[in-house]
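Residue strings, one per chain:
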Amino acid sequence: DTGVSQNPRHKITKRGQNVTFRCDPISEHNRLYWYRQTLGQGPEFLTYFQNEAQLEKSRLLSDRFSAERPKGSFSTLEIQRTEQGDSAMYLCASSSSEDNEQFFGPGTRLTVL
Amino acid sequence: QKEVEQNSGPLSVPEGAIASLNCTYSDRGSQSFFWYRQYSGKSPELIMSIYSNGDKEDGRFTAQLNKASQYVSLLIRDSQPSDSATYLCAVIPSGGYQKVTFGTGTKLQVIP
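Which chain is which? The protein sequence lines are A and B, in order. Residues in the first sequence are numbered consecutively from 1, following this note's numbering. Residues in the second sequence are numbered consecutively from 114, following this note's numbering.
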């Protein structure tokens, strides 16, 4: 296992469509995080899982966003009824419970037309 | 007041010089601090973590933490053109379920 993987790497969709992204964390990591990053900004926290439990969700996250980690391994992030403002890089990171160091995947770049 | 503040730069240094990147944070109870490097179009890459006051060295990189002043810095010695990137300061605030708060980053340019 060489690191966090994300799929797809790029997604172009039309406004109003639903999209789903997948993240596979480093295998021994039990913590998984989703962030969103727009140009010129640092990553912005979206949500956090410890094993299969979603422990925190940003107040900035609208009801159109949902994330799951059903078996405590991979995670999916779904955006319903996409808007142009959702265009961003969606980043996944994972960490162990031994320390707080988070390692990022390559990201999924979403473009909403 | 932003939770994590960085000068956006760009910070330009000549090759071989020391680059000094600075960051301040607002939550006095924060305990965990990180520096990430991000190349254009790529995801952040962890460079250093620091948890205690003082210096922590790793190769050409030194992280410095001063909790009393709520200040964390990153020094890059013998800067190389390949160090040209945006450097993100990140903090885990108190009581936060490991949620990392990032600054907006400082763009570093190393001039050959």
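Because the hints were derived from the structure by calculation, they are not lab data. Incorrect hints may appear among the rest.
Estimated spans, in silico, between C-beta atoms of each pair [stated by the list, open to error]:
1. A:G16 x B:S195: 41 to 49 Å
2. A:G85 x B:P225: 34 to 42 Å
3. A:P70 x B:G129: 46 to 54 Å
4. A:S96 x B:P225: 33 to 41 Å
5. A:G72 x B:G142: 23 to 31 Å
6. A:S27 x B:L188: 33 to 41 Å
7. B:K155 x A:G85: 46 to 54 Å
8. A:T2 x B:Q144: 44 to 52 Å
9. A:R9 x B:E118: 29 to 37 Å
10. A:G72 x B:R173: 34 to 42 Å
11. B:G129 x A:N18: 19 to 27 Å
12. A:K57 x B:E158: 24 to 32 Å
13. A:D99 x B:G142: 15 to 23 Å
14. B:G167 x A:Q80: 27 to 35 Å
Please read all numbers here as calculations on a predicted model, not as lab measurements. All C-beta atoms in this analysis are idealised placements derived from N, C-alpha and C, irrespective of residue type, glycine included.
Checked hints:
1. A:G16 x B:S195: 41 to 49 Å: 43 Å, holds
2. A:G85 x B:P225: 34 to 42 Å: Once the Cβ atoms are compared, 39 Å apart, the range 34 to 42 Å for P225 (chain B) and G85 (chain A) holds.
3. A:P70 x B:G129: 46 to 54 Å: 51 Å, holds
4. A:S96 x B:P225: 33 to 41 Å: Holds, since S96 (chain A) and P225 (chain B) (Cβ atoms, about 39 Å apart) stay within the stated range.
5. A:G72 x B:G142: 23 to 31 Å: With a Cβ separation near 29 Å, G72 (chain A) and G142 (chain B) satisfy 23 to 31 Å, so the hint holds.
6. A:S27 x B:L188: 33 to 41 Å: 34 Å, holds
7. B:K155 x A:G85: 46 to 54 Å: 23 Å, violated
8. A:T2 x B:Q144: 44 to 52 Å: Given about 30 Å between the Cβ atoms, the range is violated.
9. A:R9 x B:E118: 29 to 37 Å: 31 Å, holds
10. A:G72 x B:R173: 34 to 42 Å: 38 Å, holds
11. B:G129 x A:N18: 19 to 27 Å: 51 Å Cβ-Cβ, so the 19 to 27 Å window is violated.
12. A:K57 x B:E158: 24 to 32 Å: 26 Å, holds
13. A:D99 x B:G142: 15 to 23 Å: Taking Cβ atoms as reference, D99 (chain A) and G142 (chain B) lie about 19 Å apart, which means the hint holds.
14. B:G167 x A:Q80: 27 to 35 Å: Given range 27 to 35 Å: violated, Cβ gap about 48 Å.
Hint compliance for this structure: hints 7, 8, 11 and 14 are broken, all remaining hints hold.
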